[in-house]
Each structure stands twice: as structure tokens, then as C-alpha cells.
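Once you've looked at the hints, go ahead and assemble the two chains, each given alone in its own frame, into the complex.
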Amino acid sequence: MLRLLALSSLLALAVGGWQSASPPAQHIVLPQAAKSVRFAVIGDGGTGGSAQRRVAQRLAAARASFPFTFTLMLGDNLYGSEKPDDFAEKFERPYKPLLDAGVTFHAALGNHDDPNQRFYKPFNMNGERYYSFQPPDGGSVRFFALDSNYMDKAQVAWLEKALAGSGSDWKICFFHHPIYSSGNTHGSDTELREVLEPLFLKHGVDLVLTGHEHFYERIKPQHGIHYIIAGSAAKLRRGNIGGTPLTAKGFDQGYAFMLMEIAGDTLHFQTITDEGRTIDSGTIRRRADATSAPKTPDP
Amino acid sequence: MAAATSGTQQPRPDSPKVNADALVLQDFKQRIDKYMELHKRLEKGVPRLERVDDPAKIQASQEALAAAIRSARAGAKEGDIFTPEIADRLRRLIYPEVAGAKGVETKETIKEDAPAPIVLKVNARYPAGAPLPTVPPNLLANLPQLPEDLEYRIVGRDLILRDVHANLIVDFVRRIIRS
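Sequences listed follow chains P and U, in order. For what it's worth, the working numbering labels the leading residue of the first sequence as 4, then goes sequentially. For what it's worth, the working numbering labels the leading residue of the second sequence as 3, then goes sequentially.
With the rest of the complex left out, here is chain U (with noise of 0.2 Å):
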């Protein structure tokens, strides 16, 4: 049976509707993709993180490849992976859990292992000793999924994109919890 047809308006086979904020997200992997394949080539030029018994083997492997990424992306600048676009997207993705009376108790975990302010840099160290503040699952649950050796913090109303064996802040978004 044939399907009815009004004869208007019909979406042409070649140009089917595209989801803006599809899109967006689909840029945010695309970088954090180039990010990875930059990081796992470097990591091949510095001392291996494997399981060891000596401290100093962690430290040398986390330094080289924070040395390695800083002359790599020498020129890397706010909003290289975190574009305005992609910002945006993130902040409504986290709104929802952060906004009214629901998302009290998350802004209050956020505050609770805040670290004293750090300054965002990008390329920067993560300050050696300050607490890595916990991210509530809620939030993580609607923010994209990230590869293992990247991750999100969220420090006072900012969000840092932190490279985990590097230790530094690879792209953060100021103000990503409007107050």
C-alpha cells in the first residue's frame, strides 16, 4: 500500500534534519579524540606508568609526559577543546542537576572537597597537593563519557578537563555553574 502524500513540505531524501546539539557533542569527541591520539603518541617517548614499587617511576613517567604535552601543544589556548559552542552544551547538559532546590545538595558536594582557588592555565599542573574535587555522579552521568586517562573537575563554578597521567589542566570552561 502506498503512503498517502500531501504533494508539500516533504524533506528531501538528501537533507535530512540535523540535530544542532548532535553536532556539538560530536565535535567535543572529535577533539578530545585529537587530544588521546596526542597523548598516547607522546606517552610512547616517556617512561612507561606501570605498576612499580618505587614512587620516583610514577613522578619521572607523570613529568615527562607533561613536559612531552606542554612543547607539543605549546600554542594551545582556552577553548581549543572547550569551544564556546561546546561550552554552552555542556553547561545545560549539567544545569538540570546544579539548578533549584534539587541541586543544592550537588553544589554542595562540589564545595565540600573544593581545593583553595587555582589558577586555570591551560598547560598548567593540577596544584600538587590540592584535593581533586569530587565529581557527583549525577553530573557525570549527564556529561559524554571521557577516555580513561582524561577526566572532569569541577573547581568552585569552573570545569577543568584534566589529563590524569600528565596532571595538567588540558582546557577548562569558567563558570560553568552560573550562580
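Just chain P, same shape as in the assembly (with noise of 0.2 Å):
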């Protein structure tokens, strides 16, 4: 077996380096259930480097065997320059595979992205810097991205009216900047929590997705809401997590991203690295209905 291993990989090297070389089947632990809502988290992913590709050419790989429809991107899109050659080396070609099998991305905007990119067609931003989604696939369940960058009063105002008005099971959101972390670097935005942890209970959100920290964090139910960073799609601050109460899991040792499946009530996750390892996986159920007011279902 290690020599046909060791085989394959001279193989692999003689048409054309580790790079081309795709991975090899992910292992998941997914249950991939009948008419399930099946997508892919990455953050920080914008470099254009080694490590980007590499969580790219591993995202590929795991579509393979874990068919999910859409990937929701946290923030610091591309880094640095933003010329058109920027928008091809930080996300097009890195993400061709999967760009060319149809899955769609849903971005955040990061304190490195030009709010311009909201006009870029493949982030689906809809030219609007925050904004909600359901998923292709349907299922009773709605993504709130926003601009974690900038939240004024005009942003703050239009969330508590689209969590208000969503009659949605699940209430997923999204944003750059995490509210709670353990990083050493950053920490979490408590000025951010302020404002916006009131609004997540008040209306039943589930699950918040960040970046900015360029690790995984997966933290302790915060008042009933679940709380995850996943800042190293592209860039890595090893051993950035402190050591604090927060923390469920964290890894800060290598590149990773998120596959996420929500059948029913139950969300399932597993987290990846670049490696192909896994190094985190588990179950989310979503929150009880915050409020008793009746909705009307999400058309």
C-alpha cells in the first residue's frame, strides 16, 4: 500500500507537481440526507497564495464526495489589490472547480475588500454591502450577510427588520468581524456584540459565522446561539488562540474550511484542513422560535 502511495506521488510529480495533483477523496462525515441544504464556509481566502490553492484544490475534492451547492465567503475576499488580474488570481482560478461545476458564492466584506465588490457578479451580493439569501436547494432557511465593517445605523435598522420579517426555521449570519473569539490578536468585538447580540436573540438566530482571526474557533454556545470562526482559508496565525472559557474546539495549526449540511432541525459540520484532516465535526440544533409572534414563511 505506502509504495503505491509512494507510486502515485511520483506520478503526481512527473505530470506536473503537487500543485495539479488533485487530492484525494475527502472522508466525510456528513450524513447527506434526502433534500438537505449542503454548503461550504471559507475566510480570509483571498491571497492568491500556496495555502489558498491548496484549500481550494481540498474544497474540490470534497464537493466529490459531498455535493454541496453553494460556499459562503467571510470576508477579506481579496487581499491587497483589487485590479481585475486580482479578481482572476484570488478567486477565479483558485475556485475554477467548483465556479465551473455551478456552486455560487455568497461574500461578506472583510476590512481588506473595496465595497465595490458587491457589483462582482460571482460574490452574488446583489451591488448591496448586506443582504439576505435562501439557498438554491430550498429548505426553511435564510442567510444574513453583513458588512461588519461599517454598522450604522441605516445596516443595524435594516437587520432587525429582514430577522423580524423572516418566517424562515433557520437563521444563519454571516459577517467578518467575530463578536466572540479567543484570538490573541483580535479577540472578540465587543462594541460589535453591543449592538448586534440583542438583535440575534431577540429574533431567533441560530448559528453566526466570522473570520477576521486566521484560525478555527468553535465557540461555546454564547445565551443559546452558536458561534464560529473560520478565518484560515488562506492564512494562518499559528497559535493565536488563547487560552480563555470560550473555546469548544479550536485549531490553530493549520489552513481549513467548513462543510455544513442542515437537514431538519439539525445543522452538521465538519471542519477540514488543508491536509485533508479532519479536525472538528458535530451537530447544531437550531434555537426554539425566539418569539411567539406568527411569521409568515419566507417566499
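Derived by calculation from the structure, the hints in this document are not laboratory data. For clarity, every value in this text was computed on a predicted model and none was experimentally measured. Ideal Cβ positions, reconstructed from N, Cα and C, are used throughout, including at glycine. Warning: the hint list may mix true and false statements.
Across the chosen pairs, the derived CB separations fall in these ranges [unchecked claim]:
hint	chain 1	residue 1	chain 2	residue 2	range
1	P	156	U	39	21 to 27 Å
2	P	104	U	82	50 to 56 Å
3	P	124	U	74	29 to 35 Å
4	P	141	U	121	48 to 54 Å
5	U	25	P	53	54 to 60 Å
6	P	286	U	130	41 to 47 Å
Quick look at the structure:
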């Protein structure tokens, strides 16, 4: 077996080096239930560097075993300059296999992103700095993408209205800056927390996905809400997770992305490194409706 | 029943008390509105910024609008929008959020995402590739709301008024945050 592996490695090198060799099929622990909503999550991915390409290749390989239909981008979609070539180098080329397969991307803005990215069609932001959408494959799920760099009064008012008006069973928010974090470099953004957490609690948000910190951290549920940081899809701050009581699971020793599947009232997740190792997995149950007010299902 | 009157110090009905701070903010709004009138008029003459697959079209629209604004505001200078009175008012609106122990975290947030020092110049492009420092929500809650195509950014201690579509520095206030 070892000899076979060595032979296939040599072959991969001979035909174009490690970068072009497809990683082997990914072992998926998600249930792949009928009619489930399946998606991937990447954060802080837009470097155009080798780590981004490795993660992208691993993501494409994972899709062969777990056919997800869309990907959430948690900000810092393009680091540095944003000339047309940068869009190609830092987004279109690394994720080409996914784009070619029809996987859609839905971006939130990070502090390295020009807000005019909202007009770039493949980011599916509809020309808005903050927006919501339902997945193309159905399910009672609504995602809310926020611009945490600029949480002004207009955005807060929009979020309150959008959350209150959504009748979806699952409400998932994603944005760049974590409001709970054990990071030594950034840590929790408490000003943002003061503004957002009351809305999340009032309107039954189940899960919050963020980046900014270049590691993976699953936070212990805070007031019943689950928070996950997944900001290591191309950048890594090794050893940056401080020892705080917030951490349910942390990984700051490698690059990572997430796969998620929503089936009924359960969300299943799996976190995979650029080397194909699963470093976290589990389930999240959605919160019971936060208010008893009747709601109209989202169209 | 008639109201009792003392016969002295009665405000004249034709001269109501004026709130000086409100006047300053009204002046700010008028200057912003005037800028946005120009922005919107010039936008009509450049490639429309709309959802596109080709990022070159976004860049072309941005650069064309920036050139048009620079030309139309060739004589614009520091303080045209942020007059000394407006700058002082904004400074006072920001102060409670950055003062004392409570303000430490807000100042940290501003520092965290700060780019390398940039040259402040009206009509200059915000440096390509430089991060856009996060403006803490508690500051935005205190500052007057801006139209969609304008935003505040704080770089170091300076406040920038940035045109989002054109990526231009419209005006700035030095040392909006005192040490």
C-alpha cells in the first residue's frame, strides 16, 4: 500500500507537480440526507497564495464526496490590490473547479475588501453591502450577510427588519469580525456585540459564522447561539488561540474550511484542513422560535 | 384659562431660540447634499456601476467617476465640507466613545485594522490595497448618517470622508481623536 502511495506521488510530480495533483477523495462524516441544504464555508481566503490553492483543491475534492451547492465567504475575499487580474488570481482560478461545477459563492465584506466588490456578480451580493438570501436548493433557511466594517444605523435597522420579517426555521448570520473570540491578535469585538447580540437573541438567530481571526474556533454557545470562526482558508496565525473559557474547539495549527449540512432541525458540520484531516465535527440543533409572534414563511 | 405672565423676559414669537449645534449639523447635511448632487450628476456621465462578471468594468467605472469628480472639484480643499465648526461638532460627538477607560476598546478597534499611514489629500485616491479600517458601531451611532455612497473612515487619529464608488478622499479632519 505504501509503495502504491509513493508511486502515485511520483506520478503526480511527473505530470505537473504537487499543485496540480488532485487530493484524494475526502472522507465525509456528514449524513447527506435527502433534501438537505449543503454548503461550504471559507474565511479570509483571498491571498492568491499556495495555501489558498491547497484549501481550494481540498474543497473541490470534498465536493466530489459531498456535493454542496454554494459557499459562504466570510470576508477578506481579496487581499491587497483589487485589479481585474487580482479577481482572477485570488478567486476565479483557485475556485475554478467549483465555479465550473455551478457552485455559487455568497460573500461578506472584510476589512481588506473594497465595498465595490458588491457589484462583482460571482460574489452574489446583488450590489448590496449587506443582504439576505435563501439557498437555491430550498429548505427553511435564510442567511444574512452583514458588513461588520461599517455597522451604521441604516444597516442595524435593516437587520432588525429582515430578521423580524423572516419566517425561516433557520437564521444564520455571517460577517467578518467575530463578536466572540479567543484570539490573541484581535479577540472579541465587544462594540459590535453590543449592537448585534440583542438582535440575534430577539429574533432567533441560530448560528453566526465569522472570520478575521486566522484560525478555526468553535465557541461554546452564548445565550443559546452558536458562534464559529473560520478565518484560515488562506492565512494562518499559528498558536494564536489564547486559553479562554469561550473555546469549545480550537485549531490554529493549519489551514481549514468547513462543510455544513442542514437537515430538518439539525445542522451537521465538518471542519477539514488543507491536508484533508478532519479536526472538528458535530451537530447543532436549531433554537426554538425566539418569539411567539406569527411569521410568514419566506417566499 | 389664560396663562399667567410676568411681563418680563418673554421670548418674542418671531425669534425662537436657536440650537447652535443643530445649525452646525444642518450646515453639514447641506454640504453633504451638495456633494451628492454633484456625485450623482457626474455618475450619469460614466460607465454605470452595476452587477458585472468582469471586474475591469467595476474598475473602469470607479476610475472614470474619480476623474470626473477631481475635475469638477479641482479647487476643493481641506475643510470645504468639514468646516472648523463641523469638525469640532463631530469631535465632540466622537469624544464620549473614545474617552477614558470605556474608550480604550474603541480606540483599539480603530488601531487594529489601520493601514500604514496615508497621505491625506482632498481628491486623492484612497490607497489601493490598503485595508479599510473598521469604524466601530458606537461611533457610527453618534455620527450623522451619511448617504450610501459616502462613508466615514478613521485612519490613525484622522477622520476621512470617502466616496465609495469613486474611492476618493472627499475631505478629512486631522486629529479627530485626541491622544
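Go ahead and decide if the range 29 to 35 Å is satisfied by the Cβ distance of residue 124(P) to residue 74(U). holds, 30 Å
Do residue 156(P) and residue 39(U) keep their Cβ atoms within the hinted range of 21 to 27 Å? holds, 23 Å
Could one say that the CB atoms of residue 25(U) and residue 53(P) fall in the range 54 to 60 Å? holds, 58 Å
Using the C-beta atoms of residue 104(P) and residue 82(U), is the stated range 50 to 56 Å upheld? holds, 52 Å
So does residue 286(P) sit 41 to 47 Å from residue 130(U), Cβ to Cβ? Check passed, 44 Å falls within 41 to 47 Å.
So the hint says 48 to 54 Å: do the beta-carbon atoms of residue 141(P) and residue 121(U) match that? For residue 141(P) and residue 121(U) the Cβ distance comes to about 51 Å; the hint holds.
Hint check: no violations occur; every hint is consistent with the structure.
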